[in-house]
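*Asks:* Here's the letter readout for the chains.
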Amino acid sequence: METIFCVLVGIFFAAGIYLMLSPRFVRILLGISIFGNAVNLLIFTTGRLTEAAPPVLGSAAAWRAANPLPQALILTAIVIAFSFFAFLLVLAYRAYESLDTDDVDEMRLAEPKPVRPPLGY
Amino acid sequence: MVPRFAFLLAGLFALSPSAALAASDAVDKADAMLTGATPLFAWLVVVPIVLPLLGAGVLLALRSKPQIQAGATLFILALTTLGAIGLNAAVAINGPIMMAMGNWLPPFGIVVTIDQLGALLVLVTSLVGLIGLGYARFDTDEDSVQFGFYSFYLLLITGVNGSFSTGDIFNLYVWFEVFLIASFGLLIMGGRRIQMDGAVKYGVLNLIATTIFLIAVAALYGVTGTLNMADIRTVLASADVAPPMAIGALFVLGFVMKAAAFPLHFWLPASYHTPRIVVAALFAGLLTKVGVYALLRIVVMLFGTAGSVFLPLIGVLGVLTAVLGALGALAQTDLRRMAAFLVVSGIGVALIGIGLGSEAGYAGAIVYMVHSIFAMTALFLVIGLCERLTGSLSLAMPGGIYTVNGLAAALFLIFGFAAAGLPPFSGFWPKLMLIQASLATGGTMAIAGAVGVILSGFLTTIVIGRAWALTFLKPAEGPERPAGDAAGLSAPLVLLAAIIIGLGIVPMLVIAPAEEGARGLIDPSSYIETVLGQEG
Chain A
98 METIFCVLVG IFFAAGIYLM LSPRFVRILL GISIFGNAVN LLIFTTGRLT EAAPPVLGSA
158 AAWRAANPLP QALILTAIVI AFSFFAFLLV LAYRAYESLD TDDVDEMRLA EPKPVRPPLG
218 Y
Chain B
23 MVPRFAFLLA GLFALSPSAA LAASDAVDKA DAMLTGATPL FAWLVVVPIV LPLLGAGVLL
83 ALRSKPQIQA GATLFILALT TLGAIGLNAA VAINGPIMMA MGNWLPPFGI VVTIDQLGAL
143 LVLVTSLVGL IGLGYARFDT DEDSVQFGFY SFYLLLITGV NGSFSTGDIF NLYVWFEVFL
203 IASFGLLIMG GRRIQMDGAV KYGVLNLIAT TIFLIAVAAL YGVTGTLNMA DIRTVLASAD
263 VAPPMAIGAL FVLGFVMKAA AFPLHFWLPA SYHTPRIVVA ALFAGLLTKV GVYALLRIVV
323 MLFGTAGSVF LPLIGVLGVL TAVLGALGAL AQTDLRRMAA FLVVSGIGVA LIGIGLGSEA
383 GYAGAIVYMV HSIFAMTALF LVIGLCERLT GSLSLAMPGG IYTVNGLAAA LFLIFGFAAA
443 GLPPFSGFWP KLMLIQASLA TGGTMAIAGA VGVILSGFLT TIVIGRAWAL TFLKPAEGPE
503 RPAGDAAGLS APLVLLAAII IGLGIVPMLV IAPAEEGARG LIDPSSYIET VLGQEG
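Quick mapping for you: the protein sequence lines, in order, are chains A and B. My numbering puts the first residue of the first sequence at 98, with every later residue one more than the last. My numbering puts the first residue of the second sequence at 23, with every later residue one more than the last.
Extracted from the complex, chain B is given alone in its bound form (with noise of 0.2 Å):
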């Protein structure tokens, strides 16, 4: 046994690159590759990418061992969280961390890069899967972990890790299909009727959306060059490459359709009602949130001063979203639709803080996508455990809730309010923020900014109070239910509410990094340094 480990070790070592190096001649790399070793915390970059991916493919080779894929996935995911706490340790002393890929130098190679508002954002994708794992084994039945559930869930945090992390456009668009691809595998599992219908409409429509990512890069590479994102920035700033508007319209059409911003809404409630609950959680709290999260790194950062054409656009874009959006929930007799409106809703206001096109409402977006993370994960969960303790959720069978179980009931008030950005939950400060920022901007994006906010606020406090009174409060007709068994479940919300609260309370947790983060959006110049500045 010994000798043929030694066997194999000698010749991994001769494959190795350095061994490699050492042999060939005299080509002198040192312009195009990094020579020296990576700094040991920036491999912090890649942990909260690799680690799911690693799990996803392990839990695969283990998928006839049911029984461990839960327990495994926890692991994966607490350590995940556990690196992305480093991370964003590390990025707040450090600033932007970059890491290149083969140790090829950008702008030649891919480079994973993340500033402030990347580590905060996978710290929170990191922490939701967590708390949705939570959730998620008791909400899944023996056949789909065989079919590997846990496998496409962890690969749904790799990607959305990965478009949060990565500093290269066409990366990013690979990114967003891993994460797709996931989703779709989410979205089909279980192969009921109504989920074939959703995934067709979701499945179609975010591919369209995703290529039409593909031919703004293509067409962003035919101008300027490069894939690298801080290459770009730096292409684009200097005066004589003004790039066409065509390109950056593209890059609005594709990202506000990914975000499921008024007019292209459509896709989001029609599917994600349909999965198991815990997947639709999923999808609603960070999907959407990568759309408006390209939107800000690419129309903000990456386009600069040229792409604030685009921003009153989506500041319009943004207040039809929230007002309709909160409509479109009002109309809504089935409680997962309309949940799934409020997520549409959401995504408007955190459009208008783009809009506003000030650092202001910017901070304020980042605050408000973080927030909304939270809330709608948390949403769709309470709903699928009241759910599971009464049959079926519609506005018009009233269900009695309350009196099975008051904390689902309360917690249901809880996200509810949050969503709606009454105090003491989350939702209050980005809120505030934002009509703050929208008043500090002047003109006529304010007040329709400041109008928008607030009236999505009401019209969802509005949805929120009507489901709670029919759904909940209003005693069931017929005989009673009995009451399912929830501890395990209630588990997961109580910590979802105990964070909701929490960032209620302590808001400064988040808006210092998201103001660190819109800074860094508004003025790159360490995020160019740290990726440009290894060549010398």
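Extracted from the complex, chain A is given alone in its bound form (with noise of 0.2 Å):
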């Protein structure tokens, strides 16, 4: 189980950094979106995958119980990442519209020509 977790894992980093290397915004962020969801996996796969219950409190304590933090580990970060996310199609968005390119390559208004300073005083 944890191999095929771990080949899913590695598949999923190809495809996001693969992604990440093209020039246009929408495909990084696809990118980082299918970068995130690696991590969650990779983070659910840390935690030792069994075929067990879901721990619920009580007095049951033999039970092989699912390791749970990795659970609350995955939450937070899907949480952040659907944030983040959502945060960046807008910005990406936003950019379109006021830069009239996607292409980060052609994103250059932060990072103009250098001027020639004078050269005396």
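Rather than coming from a laboratory, the hints here were simulated on the basis of the structure. These numbers come from a predicted model, not from an experiment. Hints may contain errors.
[Unchecked claim] Under the rule of at most 35 Å between Cα atoms (straight-line distance), these lysine-lysine pairs were calculated in the DSBU-like manner:
id, chain 1, residue 1, chain 2, residue 2
1, B, K223, A, K210
2, B, K87, B, K223
3, B, K496, A, K210
[Unchecked claim] Selected chain B positions facing chain A (in silico; Cβ < 8 Å):
id, residue
4, V196
5, R215
6, T296
7, T355
Where a beta carbon is used, it is the ideal one built from N, C-alpha and C, also for glycine.
Assemble the dimeric complex from its two separately framed chains, guided by the hints.
*Replies:* Shown next, in the form of structure tokens:
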């Protein structure tokens, strides 16, 4: 089971990084989203996968309960990643509107061509 | 009215944990929970986090009343700073302080733990936030105040303070995201085209950096089975658990990216000069330093001897960053972009201190961080002030600011020389400490470190001198521009200048706690004792 998840995490990372290498902002965002999901799966896997009941407080301490901690971590990570993705998506739209391009190589407003300063005083 | 209140209170008491505890069956929680009351001074630990967080919420609720926002923020940050001063005193007396969230004992619950290093940085952060506010009052328009400028401002301080004081590695990630989202909000506020461009680069690269950090956290959890920093340190220090190189490499990669060290610094000069100047100043002062702090905390303290593999790499990166950042600043004509490159160069100097791997090196890096928080904030603010006086600032268009406002010109020179490390300003002592530490270390890194520190200081002096001569001293061409009113804006800058000169004259104010903090990083036994010793 762990092996399958490890391979899956690898594939997700590869796909995410491939998309992030693209100059198109929307593709980069999709890459980030997949990257984030890869991390979630990674956290899940590092918590050791057990086919056991979900942990519920009670007297049955002898259960083989699934590790609850990674699930709490993933929940946090998902919430954060989702809000960031939403923000960046809106940012992408606004940037496309105001800069007329979604190619980050062409977004050069903040990094203008250098102007020659006066050489003498 | 009164009966309803009484009813409400009764309801609250019925729901309160103590009532529930009394009613529950005999589950023994003594192993997992703190049963006694939290000592009063431990509450100081969360003051610098909770106050701004609460304030941000309250201000958001009151966003339709822009006239009270600045005053309320000032009040909150003043209280926060007072809390941070008290915290420093408490840490100096008691050693590291821990507070267990929800009374869950470590390693189960999240703990907020502060040692001398964290307390010092929390104080500096709160102080810079307070001083920056004096400038922000004149730098914001009503629109941005209504969009929640001050809420974001407080959230940024919350996030940075939280990062400096958490004792849980996943919680550190969460605080990273808190100040990251606050910085996004501040970065795009105003919505000019150039801000969109800067925000795209800043947003994407910082998000990737924190995600890489999260990958490393996940892998570290897989290896150690715990998230509590003190617990991780004890697990990693035992001989049979060797963390794979990849985990440490991921941590270094993530933090070096956040700290904007060469070759991962390109996002910083692309974005830091785009927002309103007080925002840029806060970013320049605080955000990159969190990356350096996290390197100190995780690679140095948590990994201990296992992390020493990475120190030469960090040192080499530091030398390259310090020199190339200053060279990059020399190539700029826009003063804001120039200052952004100086931030990068300063990060390099701090990284050299980490790379030395000695207690003196860490102490130098910590003192440099404190100096850099003040100096970089001040440098950006004074550039903003001059921009206000003359319209725009570029080396290609001489501004003649010296004749318009001599005070601003003098302040620029003070802050610039402080950044370059000239006495009697605050930058001199940490650089001296770093050079001494380099020479005491011996080997190649010693020469490289000393050369890096000296060369970056030398280049920064040229950068500042050139900018000053061209923009401030050289008479303006064309008609005389009217001088804007800058009296209110200058006040926080004069305060910063006083701090910078004060730290240059009485450096022990920072050096003493920094050395204590460095000792705590190398030998965190009292930290671990504070966090894990409560079970008995």
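*Asks:* None of the hints should be skipped; say for each whether it holds.
*Replies:* Hint-by-hint comparison with the structure:
1. B:K223 / A:K210: Given that 35 Å is the threshold and the Cα spacing comes to 17 Å, the pair holds.
2. B:K87 / B:K223: 33 Å, holds
3. B:K496 / A:K210: Holds, because 24 Å separates the two Cα atoms, which is no more than 35 Å.
4. V196: 7 Å, holds
5. R215: 5 Å, holds
6. T296: 5 Å, holds
7. T355: It holds, given that the least Cβ distance between T355 of chain B and chain A is near 5 Å, below 8 Å.
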